[in-house]
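Whenever a hint applies, use it, and build me the whole structure from the sequences.
The residues making up each chain are set out below.
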Amino acid sequence: MTKHAAPPWRAGQVNAPQDGGRSHILVLFANDQHGALDRIVGLLRRRRSNMQTFAIGRSEIPNVVRITVVMNDSEVGVEQLVEQLRKIVDVRHIVNLSYAQAVARELALIKVNSTASQQSEIIELGALYGAHAVDVDQETVTLEVTGTADKVEKLVAQLQSYGIREVARTGCVAMTRGAGEIIKE
Amino acid sequence: MVIAASVSYKQHAGAYQQGEEDARELSGSQILCEALVREGVELLYGYPGGAIMPFYDALTSYPTLRHVLVRHEQAAAHAADGYARATGKVGVCVATSGPGATNLVTGLATAFMDSTPIVAITGQVARAFIGRDSFQETDVIGVTQPITKHNFLVRNIEDLAGTVHEAFRLALGGRPGPVLIDVPKDIQQNKTLYRPSASINSLEYFRATRSPELSPTAIAQAAKLIDEAQRPVIMSGHGVILSGAYDELRAFAEKTTIPVITTLLGLSAFPDTHPLNLGMPGMHGPAHVNRAIGAADLIVGVGLRFDDRVTGKVSEFAPHARIIHIDIDASEMHKVKVAAVPLVADAKVALAALTEAVQPANHSVWLSELRTWEAQNSERSRDIKRDQQYPDPTSILEAIRAETNGEAIIVTDVGQHQMWTARHYTWTRPNSHITSGGLGTMGFALPAAMGVKMGMPDVPVWAVAGDGGIQMNIQELATLRQQGVAVKVAIMNNGYLGMVRQWQQFFHARNYSETPITGPDYVKLADAYGLIGMRITRREDVQAAIHTAMETEGTVIIDFVIEPESNVYPMVAPGSGITNMIEESREEDTGHD
Numbered sequence: 176m177t178k179h180a181a182p183p184w185r186a187g188q189v190n191a192p193q194d195g196g197r198s199h200i201l202v203l204f205a206n207d208q209h210g211a212l213d214r215i216v217g218l219l220r221r222r223r224s225n226m227q228t229f230a231i232g233r234s235e236i237p238n239v240v241r242i243t244v245v246m247n248d249s250e251v252g253v254e255q256l257v258e259q260l261r262k263i264v265d266v267r268h269i270v271n272l273s274y275a276q277a278v279a280r281e282l283a284l285i286k287v288n289s290t291a292s293q294q295s296e297i298i299e300l301g302a303l304y305g306a307h308a309v310d311v312d313q314e315t316v317t318l319e320v321t322g323t324a325d326k327v328e329k330l331v332a333q334l335q336s337y338g339i340r341e342v343a344r345t346g347c348v349a350m351t352r353g354a355g356e357i358i359k360e
Numbered sequence: 002m003v004i005a006a007s008v009s010y011k012q013h014a015g016a017y018q019q020g021e022e023d024a025r026e027l028s029g030s031q032i033l034c035e036a037l038v039r040e041g042v043e044l045l046y047g048y049p050g051g052a053i054m055p056f057y058d059a060l061t062s063y064p065t066l067r068h069v070l071v072r073h074e075q076a077a078a079h080a081a082d083g084y085a086r087a088t089g090k091v092g093v094c095v096a097t098s099g100p101g102a103t104n105l106v107t108g109l110a111t112a113f114m115d116s117t118p119i120v121a122i123t124g125q126v127a128r129a130f131i132g133r134d135s136f137q138e139t140d141v142i143g144v145t146q147p148i149t150k151h152n153f154l155v156r157n158i159e160d161l162a163g164t165v166h167e168a169f170r171l172a173l174g175g176r177p178g179p180v181l182i183d184v185p186k187d188i189q190q191n192k193t194l195y196r197p198s199a200s201i202n203s204l205e206y207f208r209a210t211r212s213p214e215l216s217p218t219a220i221a222q223a224a225k226l227i228d229e230a231q232r233p234v235i236m237s238g239h240g241v242i243l244s245g246a247y248d249e250l251r252a253f254a255e256k257t258t259i260p261v262i263t264t265l266l267g268l269s270a271f272p273d274t275h276p277l278n279l280g281m282p283g284m285h286g287p288a289h290v291n292r293a294i295g296a297a298d299l300i301v302g303v304g305l306r307f308d309d310r311v312t313g314k315v316s317e318f319a320p321h322a323r324i325i326h327i328d329i330d331a332s333e334m335h336k337v338k339v340a341a342v343p344l345v346a347d348a349k350v351a352l353a354a355l356t357e358a359v360q361p362a363n364h365s366v367w368l369s370e371l372r373t374w375e376a377q378n379s380e381r382s383r384d385i386k387r388d389q390q391y392p393d394p395t396s397i398l399e400a401i402r403a404e405t406n407g408e409a410i411i412v413t414d415v416g417q418h419q420m421w422t423a424r425h426y427t428w429t430r431p432n433s434h435i436t437s438g439g440l441g442t443m444g445f446a447l448p449a450a451m452g453v454k455m456g457m458p459d460v461p462v463w464a465v466a467g468d469g470g471i472q473m474n475i476q477e478l479a480t481l482r483q484q485g486v487a488v489k490v491a492i493m494n495n496g497y498l499g500m501v502r503q504w505q506q507f508f509h510a511r512n513y514s515e516t517p518i519t520g521p522d523y524v525k526l527a528d529a530y531g532l533i534g535m536r537i538t539r540r541e542d543v544q545a546a547i548h549t550a551m552e553t554e555g556t557v558i559i560d561f562v563i564e565p566e567s568n569v570y571p572m573v574a575p576g577s578g579i580t581n582m583i584e585e586s587r588e589e590d591t592g593h594d
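Protein chains in written order, with this note's numbering: chain H, 176 to 360; chain B, 2 to 594.
Worth flagging that the hints you see were computed from the coordinates, not collected in a lab.
Just so you know, even glycine gets a beta-carbon here, dropped at the ideal spot from N, CA and C.
Some hints could be false.
[To be verified] Straight-line C-alpha distance at most 30 Å; calculated DSS-like pairs for lysine-lysine:
| id | chain 1 | residue 1 | chain 2 | residue 2 |
| --- | --- | --- | --- | --- |
| 1 | B | 525 | H | 262 |
| 2 | B | 90 | H | 262 |
| 3 | H | 329 | H | 262 |
[To be verified] Residues on chain B that point at chain H, a partial pick, calculated with CB under 8 Å:
| id | residue |
| --- | --- |
| 4 | 142 |
| 5 | 146 |
| 6 | 151 |
| 7 | 154 |
| 8 | 156 |
| 9 | 171 |
| 10 | 331 |
| 11 | 332 |
| 12 | 335 |
| 13 | 336 |
| 14 | 531 |
[Claimed, not checked] Pairwise CB distance ranges (calculated):
| id | chain 1 | residue 1 | chain 2 | residue 2 | range |
| --- | --- | --- | --- | --- | --- |
| 15 | H | 271 | B | 221 | 26 to 32 Å |
| 16 | H | 345 | B | 362 | 56 to 62 Å |
| 17 | B | 221 | H | 212 | 41 to 47 Å |
| 18 | H | 212 | B | 485 | 45 to 51 Å |
| 19 | B | 228 | H | 357 | 38 to 44 Å |
Here it is in structure tokens:
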């Protein structure tokens with residue numbers, strides 16, 4: 176009936192699988208404007224993004240904040256979100272960083288139960304992960320660790336046996352490797 | 002970081018840099034009015050209240066700004082929307098804080114879904130009272146954020162004029178949409194030195210408003226697909242109307258002889274009487290249109306977003322077709338269906354370039370096949386017996402068209418009458434069909450028709466509505482009377498919320514839960530508002546009634562008592578493929594009820 180073969184099937188966003196995606200890192204540069212953050216978070220919610228972490232801070236550009244979002248989604252889902260995010264007036268640039276080209280790090284503070292005799296043991300264990308103690312008292316040791324989400328999780332798992340009181344994580348921030356600038360425009 | 006300032010920036014900015022203006026000390030309210038005047042605003046629809054009173058105080062000193070006092074803020078937004086759709090200019094609506102602003106919400110959402118440019122100005126409590134649960138305080142910025150293209154809370158009086166100009170550029174630029182400006186009362190009252198030329202203070206929005214550049218590679222790829230196609234169709238949407246690409250669409254279709262399908266919001270962009278016209282696709286499209294999509298090997302989609310009412314079940318939509326998708330909004334690409342060639346561009350520009358690039362073609366075999374399908378369907382529907390006593394929707398629409406020589410603009414509400422009008426009116430005047438498509442807002446027709454008529458005073462305007470929707474903004478009859486605006490209103494009154502009843506008939510075993518509805522005596526109601534009303538119960542009186550309505554000055558309401566349980570056919574069940582239609586004859590054969 177048709178001369179052309181049907182195009183290879185590829186999901187549009189509507190029928191994109193809701194699971195089976197992978198982690199993506201989006202870096203957004205947004206005007207440091209009242210409400211800009213709201214718009215970004217609101218859009219990610221409305222468009223059903225599986226957001227995992229969200230980190231915001233100043234960038235090297237005056238009055239522009241840098242936001243790093245990690246989300247688990249399909250390729251088409253992320254492409255859609257990027258195009259939707261671009262339409263927010265306060266969003267100046269968006270870069271979809273692949274893990275391969277990115278240095279991605281997060282920082283965690285982990286407060287662990289500790290007796291006086293366990294202190295050095297915990298600190299040594301932390302050292303294996305490059306963590307160092309930032310606070311020690313009679314009952315607890317607080318470690319600060321920086322690294323990939325995997326590394327942080329491994330350390331947390333290792334510390335479980337002591338009893339974890341609190342974990343505070345910043346969420347991922349990321350940057351391209353090498354001299355390549357993230358902003359092309 | 003350099004943001005590429007496009008050429009259009011200079012053009013835009015030029016309009017506001019008219020040399021050395023007098024810097025004058027003005028109040029925020031006056032600055033707001035000045036900026037609106039400079040934007041060429043002639044009409045505002047609104048409703049005063051506490052937090053917007055300083056603006057209304059200033060308004061009387063600006064006689065070129067004609068303010069229309071609506072009877073409900075929702076109507077203000079719809080009227081601004083109707084005005085914008087009919088004229089292509091930005092519609093403006095005004096409301097006070099709190100309930101005034103929240104009443105705009107449905108109208109803003111309607112405009113947002115259908116990409117129409119409106120600017121809403123809302124009063125806000127004074128800055129010192131924001132965030133303290135003050136009287137009539139609502140976080141309007143938060144509430145309207147998902148249903149506006151952008152919104153602004155004006156935080157300094159110095160930003161006010163620039164914000165207004167930005168709002169207008171944003172509303173119109175790229176894919177149009179509603180923009181809201183929330184102005185705290187103290188900013189309206191404070192004074193500052195107003196310098197008109199200094200009112201553009203940001204480059205940011207030009208990214209959002211500049212037109213995307215056409216990719217020559219994509220045009221070449223698209224032209225190749227078009228030249229090779231055996232069974233191509235054009236699907237034309239609202240984007241063609243928004244970009245005014247009527248001639249370009251026609252030239253493209255005629256050079257390639259590709260049949261043209263128009264979506265609900267694309268109706269009237271291509272004349273129904275044209276030999277290449279096919280009709281409307283989707284849930285209530287005629288069978289041959291949906292069959293054409295099912296059989297097509299190429300879809301040239303222009304300014305449409307493949308809405309679910311158009312596609313039905315997406316995996317069964319156009320299973321053999323490659324898609325060339327032209328849209329000014331990049332986020333529409335691949336959203337529903339993956340495009341073989343995505344063309345992010347203005348419809349007018351893209352169609353002109355494509356027409357240039359393609360070879361002339363002759364698809365007469367394909368077209369005659371489509372016409373055979375069409376003939377089969379119309380034969381089938383002729384067999385259906387209808388009660389001849391009632392005025393029927395088709396005869397009402399034909400009479401309106403005859404009595405206005407096809408020059409009328411028809412504004413519909415939402416429901417069965419909307420689908421009947423879309424299907425059975427013969428659209429030949431470009432941009433003569435105005436309806437709430439994306440949001441499906443009942444209560445749209447009457448206030449929107451008011452905006453249409455005021456924007457196009459020389460054109461006959463008919464609001465066609467059901468007896469459900471007309472009761473949703475019926476209060477605007479008072480506005481029409483007060484303003485002396487002549488909207489002719491045809492109510493298709495079947496005593497039901499007809500479309501919901503139809504769904505109940507098909508999908509809920511005739512359980513007519515809360516769909517029978519009564520209404521007022523519309524003749525008395527019209528009289529109470531100081532207008533003329535008629536009630537028509539027989540088919541033979543239809544034409545004369547419409548003739549009388551056209552001969553009568555001012556707004557006229559005709560209550561057409563139509564058959565209570567007529568349906569819109571064919572219909573695709575929600576979630577089904579569009580080639581799987583419920584047709585009139587099948588309902589009777591199979592007892593589909």
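* Which of the stated hints cannot be reconciled with the structure, identified by number in ascending sequence? -> 1, 3 and 14
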